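Assemble the complex: chain E is given as a structure, and chain C must be docked to it using the hints.
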Amino acid sequence: TQLLEQSPQFLSIQEGENLTVYCNSSSVFSSLQWYRQEPGEGPVLLVTVVTGGEVKKLKRLTFQFGDARKDSSLHITAAQPGDTGLYLCAGRGETSGSRLTFGEGTQLTVNP
Amino acid sequence: EAQVTQNPRYLITVTGKKLTVTCSQNMNHEYMSWYRQDPGLGLRQIYYSMNVEVTDKGDVPEGYKVSRKEKRNFPLILESPSPNQTSLYFCASSFRSGGAQSYEQYFGPGTRLTVT
Numbered sequence: 001t002q003l004l005e006q007s008p009q010f011l012s013i014q015e016g017e018n019l020t021v022y023c024n025s026s027s028v029f030s031s032l033q034w035y036r037q038e039p040g041e042g043p044v045l046l047v048t049v050v051t052g053g054e055v056k057k058l059k060r061l062t063f064q065f066g067d068a069r070k071d072s073s074l075h076i077t078a079a080q081p082g083d084t085g086l087y088l089c090a091g092r093g094e095t096s097g098s099r100l101t102f103g104e105g106t107q108l109t110v111n112p
Numbered sequence: 001e002a003q004v005t006q007n008p009r010y011l012i013t014v015t016g017k018k019l020t021v022t023c024s025q026n027m028n029h030e031y032m033s034w035y036r037q038d039p040g041l042g043l044r045q046i047y048y049s050m051n052v053e054v055t056d057k058g059d060v061p062e063g064y065k066v067s068r069k070e071k072r073n074f075p076l077i078l079e080s081p082s083p084n085q086t087s088l089y090f091c092a093s094s095f096r097s098g099g100a101q102s103y104e105q106y107f108g109p110g111t112r113l114t115v116t
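Keeping their order, the protein sequence lines are chains E and C.
One point on numbering: in the numbering used here, the residue at position 54 of the first sequence is 54, and numbering is uninterrupted.
One point on numbering: in the numbering used here, the residue at position 20 of the second sequence is 20, and numbering is uninterrupted.
It is worth saying that the hints were derived from the structure and are not from the lab.
Quantities reported herein were computed from a predicted structural model and do not represent experimental measurements.
Be aware that a few hints might be false.
Unchecked claim - Simulated restraints, written as ranges between beta carbons of each label pair:
1) R44/C with T95/E: 14 to 22 Å
2) M50/C with V28/E: 34 to 42 Å
3) E15/E with K17/C: 44 to 52 Å
4) I12/C with N24/E: 33 to 41 Å
5) T95/E with R72/C: 23 to 31 Å
6) E53/C with Q80/E: 45 to 53 Å
Backbone N, C-alpha and C fix where the C-beta goes; we use that ideal spot for every residue, glycine too.
So here's chain E without its partners, still in its complex pose:
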């Protein structure tokens, strides 16, 4: 079973601060996705990265896939209260077809 470890598990910051969330594994993934989940709802896909070293930007969010495709990071610039939520990374193994392995998640709280 491939494991994905996210850190930190909890993060509470003030509006305007920057933050980075990490997703690490000892396994290689053919693709990695980041989801955001709000209370009472299902996770919503933010981005998919597939190439080692790939960087994708979504407004104030920057996603990076490690060169070896074993890790990823999510950086938020100038966080806002609307960014509050549970951030989940999910990886697809090279031989796992459509199956995804999820990290435990990072609960982000941005205080006004």
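For chain C alone, coordinates are given in the frame of chain E:
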């Protein structure tokens, strides 16, 4: 509107009373999955289906059954629920995008199940 729907959204039941949680998607996706989400354990896959009549076990299949008789529906069946199946359940459907590299997954709103 493209969506994944689950019913019921909330369910309280007793040990041993068979129940079914329905899942339906209107996006003509081939792949569907069931997950459970528990504090400190994240999302764990219960079962998945790659197409009609094709299902396979995920990471935590014990105590659950599924069927995929139609492309749009993927019900989750608990034949004899137990308290350790109290959890938040999500159905998801997906399609292959970007060539063979990624599967964009769409989640339903969740079903909160309590087994007493």
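Tested hints:
1. A beta carbon spacing of about 19 Å between R44/C and T95/E agrees with the range 14 to 22 Å that was offered as a hint.
2. Look at M50/C against V28/E: about 22 Å separates their beta carbons, and that is not inside 34 to 42 Å.
3. In this structure, E15/E and K17/C meet the distance hint of 44 to 52 Å, their C-beta atoms being roughly 47 Å apart.
4. The hinted range of 33 to 41 Å is satisfied by I12/C and N24/E, whose Cβ atoms lie roughly 38 Å apart.
5. The hinted window of 23 to 31 Å between T95/E and R72/C holds, with their beta carbons roughly 28 Å apart.
6. Between E53/C and Q80/E, the C-beta spacing of about 46 Å keeps the proposed range 45 to 53 Å intact.
Comparing the model with each earlier hint shows a violation of hint 2 alone; every other hint is respected.
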